[in-house]
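Okay, here's what each chain looks like letter by letter:
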Amino acid sequence: MMNRKILKYTFSLILLLMASQLNAQFLKQLNWQGVLVGVDAHRFADHVLKPERTAYSGSLLFNLGEDYFVVLEPGYSSIDLKQESYTYKSKGEYLELGFDKNMLNQNKRDFFGVGLRLGYSNYRHHAENISFSDPLWGEYTTSIEAIRGNALWVDVVLGIRSEIVDNLYFGWSARLKIFATGERGNNLIPYDIPGFGKGAENINMAATYTIYYRFDWDKNKP
Amino acid sequence: MHWKPNKMRKYLWVFGVMLLLSLSCEDERCSFSTNTDLQLGLYVGDESLNVDSIRNLIAVTNASWTDTIWYKNTDGNGKFGIPLSPERDSSVFIFIRAGEAEKLTVRYDTELVLLSTACGFVPFFSNLELSYTGNNIDSLQWVSREVTNDEQEDLKIYL
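Protein chains in written order, with the numbering used here: chain A, 1 to 222; chain B, 223 to 381.
Chain A extracted, bound-state conformation (with noise of 0.2 angstroms):
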């Protein structure tokens, strides 16, 4: 008994080892650079200029030669607003996945370029005491259960950032975020897509601002 928990342990042992030995040649090929951690800090703006939204999103770019990035970014979004006429609730959860190319033609340690992502998100929302006037019609109370909807989307994006002190970089970037397929649901118009924005619209431009930091990866290592 105890020779095979012995045998399986350095059979782990071994794929693990062969496993990394793998990744460090594959990262090699790949001409690996190092790795971008960011959180978005317009969202902090957002809990003054948007006080019933919450939201939150990061950023990892994974930085392939010496102008690609690989960018995967995911976020998380709620919508919570009560007004006289209607009470409105949403929230969700969305994956942005593309690649960033520098355009810069020195100091490549900052970033002016474009990008592409391709975003998809799921979400949930409701409507309650929605209130209509109309002279004619008169008064008429709905309200509209909870739906599920979801989206996919291309994102295409301009971006600046700058490395403020040693791999510590502020960025943003202009999205044009254009609406490919989904389900919407029947009754109820998504207000917010999360990550795509106006869920009415086709086209949505946004901005992003973005505290990033770098870790390098180290060429020397096996």
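Worth flagging that the hints you see were computed from the coordinates, not collected in a lab.
In this text, all values refer to a predicted model and were calculated from it rather than measured experimentally.
Glycine residues also receive a C-beta, built at the ideal position from the N, C-alpha and C atoms.
Keep in mind that the hints are not guaranteed to be accurate.
As the list claims (entries may be wrong) - Partial pick of chain A residues on the chain B-facing surface, computed with a CB cut under 7 angstroms:
| hint | residue |
| --- | --- |
| 1 | 88 |
| 2 | 179 |
| 3 | 183 |
| 4 | 187 |
| 5 | 189 |
| 6 | 191 |
Starting from the known structure of chain A, arrange chain B on it as the hints suggest.
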């Protein structure tokens, strides 16, 4: 750790602040149209007739309304709007011209749209279909079978 000033950093801050200002100013007050009436355009097939005198006799009413909409040729384009009920999936209108009544039944799907926090919800209508008795109306032509807040002509009515 040391501060790294250069020209790019200056541009970074200037463009960033401009972008923040331009994208954060919204929803303070309702800046969208909340009018989602079905926009009708009135046309007279026989060009020898006095178009305005025919249009000016038109009124639209509904059994549950307390009032009647009278066509007012304020800008001479022959357009006027009638509200669809957001509560039902059809609205019946009595279209009166020169004492003759025409019954129009409009069927549709309703979607509620939260235009902005200040504007609140408005109903958008889609998949519109219309039937009529043919006493006054010669023919109909849909421009759009979706009624939103764009206030564009949705239906051409030929008298």
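Status of the hints after comparison with the structure:
1. Interface hint at residue 88 of chain A: satisfied, since its Cβ lies 6 angstroms from the closest Cβ of chain B, which is below the 7 angstroms cut-off.
2. For residue 179 of chain A, the interface hint is violated, since its Cβ never comes within 7 angstroms of a Cβ in chain B; the closest pair sits about 15 angstroms apart.
3. Checking residue 183 of chain A against chain B: minimum C-beta separation of about 14 angstroms lies over 7 angstroms; hint violated.
4. At about 6 angstroms, the closest approach between the beta carbon of residue 187 of chain A and any beta carbon in chain B falls short of 7 angstroms, and the interface hint on this residue holds.
5. Residue-level restraint check for residue 189 of chain A holds (minimum Cβ-Cβ distance to chain B is 4 angstroms; threshold 7 angstroms).
6. Below 7 angstroms, beta-carbon pairs count as interface contacts, and residue 191 of chain A has one with chain B at about 4 angstroms; its hint therefore holds.
Checked against the numbered hints above, the structure breaks hints 2 and 3 and satisfies the rest.
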